[in-house]
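Number of protein chains: 2
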Amino acid sequence: MKRYCVIMAGGIGSRFWPLSKNNYPKQFLDILGTGKSFIRATYERFLPLVPSENFIVVTNAAYKDLVLQQIPEIKETNVLCEPMRRNTAPCIAYAVYHILSQCPEASIAVTPADHLVTNEREFQRIIGRGLDFVEQHRDALMTIGIKPSRPETGYGYIEVNDKQNDAIVPVASFKEKPDLENAKKFLAAGNFFWNSGIFLWSTDAIMSAFRQYLPDLVHLFDEGKNMFGTAQEQAFINNQFERCENISIDYGVMERSKSRYTVAADFGWSDIGTWGSLYTHAAHDEDRNAVSGHAVVVETANSVVNIEYGYEAIVQGLDHCLVALRDHSLLVCRLDDEQQIKQWVEKL
Amino acid sequence: MKRYCVIMAGGIGSRFWPLSKNNYPKQFLDILGTGKSFIRATYERFLPLVPSENFIVVTNAAYKDLVLQQIPEIKETNVLCEPMRRNTAPCIAYAVYHILSQCPEASIAVTPADHLVTNEREFQRIIGRGLDFVEQHRDALMTIGIKPSRPETGYGYIEVNDKQNDAIVPVASFKEKPDLENAKKFLAAGNFFWNSGIFLWSTDAIMSAFRQYLPDLVHLFDEGKNMFGTAQEQAFINNQFERCENISIDYGVMERSKSRYTVAADFGWSDIGTWGSLYTHAAHDEDRNAVSGHAVVVETANSVVNIEYGYEAIVQGLDHCLVALRDHSLLVCRLDDEQQIKQWVEKL
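Protein chains in written order, with numbering that gives the first Met the number 0: chain W, 0 to 347; chain A, 0 to 347.
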């Protein structure tokens with residue numbers, strides 16, 4: 000099997016403070032109480048498509064043990080450790096060079112580690128078909144689009160010329176996160192899809208794109224080409240990685256490419272990037288609260304109460320609020336204001 | 000010196016959950032951030048009036064070590080341990096019998112361990128004068144009244160016939176906690192004072208009252224009369240104390256006595272019996288929040304935020320609320336509803 004899955008798991012998830020902290024980011028948490036962390040669920044979701052030995056996890060060196068704890072099936076050498084964060088383009092280049100050392104004709108699915116998918120069967124159908132496509136079209140860079148269900152301003156969008164369902168079609172353009180007015184227009188138009196951050200391509204397609212659009216990155220990695228897949232790989236990366244440009248794969252490659260494709264999928268996807276999206280996807284009590292942990296919740300509605308095991312809480316008299324307690328840190332705020340969490344944490 | 004001070008420190012203070020829990024009640028906490036626990040402040044407040052060796056603390060056996068930690072000046076044998084709670088009359092009888100074994104002609108000040116006094120000099124003047132009075136009037140039972148500053152419904156009241164300031168006068172009657180309408184009348188009338196729960200009397204006066212109004216209690220304690228002040232005292236109490244009637248000194252003695260006196264004092268007293276009173280007496284920030292601990296408080300007003308050392312918190316978007324975090328327990332509620340804390344804790 001020449002299919003690989005690259006799980007990008009280097010994020011620190013500061014938007015979920017205090018649940019997700021630097022020492023234990025979101026991808027390693029079971030925020031929704033499904034019994035599995037996001038990264039574990041991601042692995043299992045791709046497992047019918049990709050042999051277990053072909054999973055590559057790219058993460059921060061600090062999280063290597065967490066990855067191996069949660070996916071003990073993968074080899075330690077398949078956990079690639081970034082010495083620092085350099086955005087998705089260098090992360091993906093690192094994984095691609097590593098895969099090239101093992102399988103020059105691979106087809107690769109690249110996925111974030113911390114998204115929710117509720118319809119795994121449809122997911123596997125879409126991704127399987129996409130992998131077939133990029134194996135037949137060895138210049139194609141494919142990104143998975145999600146049919147929008149609301150005028151979301153928190154996601155980037157993919158525009159296509161043709162809104163034909165279920166077909167793999169060329170991308171017309173990528174759109175940055177829109178304001179509400181434009182998000183409503185995108186939703187109404189029907190030919191705009193959320194950008195899921197899941198990519199499919201062959202080694203040929205992605206290496207050709209890297210050479211064309213990010214030649215400096217290729218130059219940096221080519222210096223150690225023969226070290227990938229060997230005992231020297233980590234030392235080379237530790238020396239070289241800092242010099243990589245901090246650039247996303249979307250901005251560095253996808254927006255510039257001429258041979259990019261997408262499909263409008265509908266497999267119950269969310270990036271669970273905010274407490275609000277957690278609230279949306281969690282189970283609710285009769286007062287529309289999403290409560291987890293040992294908590295008595297009284298005269299409270301439309302709120303998230305998330306109490307770590309080992310703590311107890313009484314919450315009364317709140318509406319549209321968030322109460323999260325974990326690891327000696329407490330957050331109480333209005334759900335509507337959660338985009339400010341990062342700045343409050345900095346203040347703290 | 001024949002003056003003694005009895006500090007009653009057996010309470011469990013469930014109204015201050017989670018700060019005050021069974022294993023660490025309010026009297027041992029520095030809730031106001033003054034640098035001293037309530038019991039330590041009580042000891043220091045009486046120290047100019049009573050020799051250090053004449054302090055008696057009555058507490059639960061479980062709190063003996065906490066008492067000795069916070070008042071290392073007192074002898075272990077002066078910490079009297081109740082095997083269970085039996086209200087203030089048995090507590091005081093226990094202390095009085097213990098004192099009688101050392102000093103039959105003592106005069107005694109009895110005080111709760113967990114009150115706030117801001118004007119200690121005036122306090123010492125009032126108590127000193129009261130002790131002089133009960134030493135001259137060896138049948139007098141004296142209780143300290145507090146000039147009311149608001150129509151408080153959380154305190155009992157002492158009625159006098161004469162509202163002459165600063166004089167020690169007979170008590171006309173004791174009034175239970177009034178409703179707001181009556182509290183307003185009491186305040187307007189000028190001859191009603193808050194009952195502070197601080198008592199002054201000679202051994203003669205209190206023993207005579209016990210004999211007259213609580214003869215069963217006297218009978219119980221008389222059985223072990225010769226054991227007080229000896230190595231047998233604790234075993235005797237452990238056997239006998241459970242049989243004591245659960246009755247307050249107010250109801251059992253003061254309301255029935257004919258020779259009771261009071262003085263209307265004004266020394267900045269509060270029983271800090273509620274989060275609301277803590278809020279009143281604590282320092283406030285510009286948004287009228289009382290904040291203690293490592294907390295970032297944003298867009299929040301008129302609230303108490305009390306975060307234990309070792310925790311950190313972000314609190315946003317609240318008004319008239321209470322956020323308290325201690326010992327793995329969190330309380331978030333409206334300040335106005337704090338009288339329900341006890342029932343929420345039971346639910347938890």
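If you're looking for bench data, these hints aren't it; they were derived computationally from the structure.
Everything numeric in this text was worked out from a predicted model, so none of it was measured.
Among these hints, one or two may not hold up.
Stated by the list, open to error - Examples of chain W residues toward chain A, derived with CB under 8 angstroms:
#	residue
1	Ala166
2	Val295
3	Gly309
4	Leu317
5	Lys346
Cβ coordinates follow ideal geometry from the N, Cα and C atoms, glycine included.
For each hint, the structure was consulted:
1. At a threshold of 8 angstroms, the smallest CB-CB gap from alanine 166 of chain W to chain A is about 46 angstroms, leaving the interface hint violated.
2. The restraint placing valine 295 of chain W at the interface with chain A holds, with a minimum CB-CB distance near 5 angstroms, inside the 8 angstroms limit.
3. For the restraint placing glycine 309 of chain W at the interface with chain A, the shortest Cβ-Cβ distance is roughly 6 angstroms, inside the 8 angstroms limit, so the hint holds.
4. Taking 8 angstroms as the C-beta cut-off, the interface hint given for leucine 317 of chain W holds, the closest approach to chain A being about 7 angstroms.
5. Interface restraint check for lysine 346 of chain W: the shortest CB-CB distance to chain A comes to about 5 angstroms, inside 8 angstroms, so the restraint holds.
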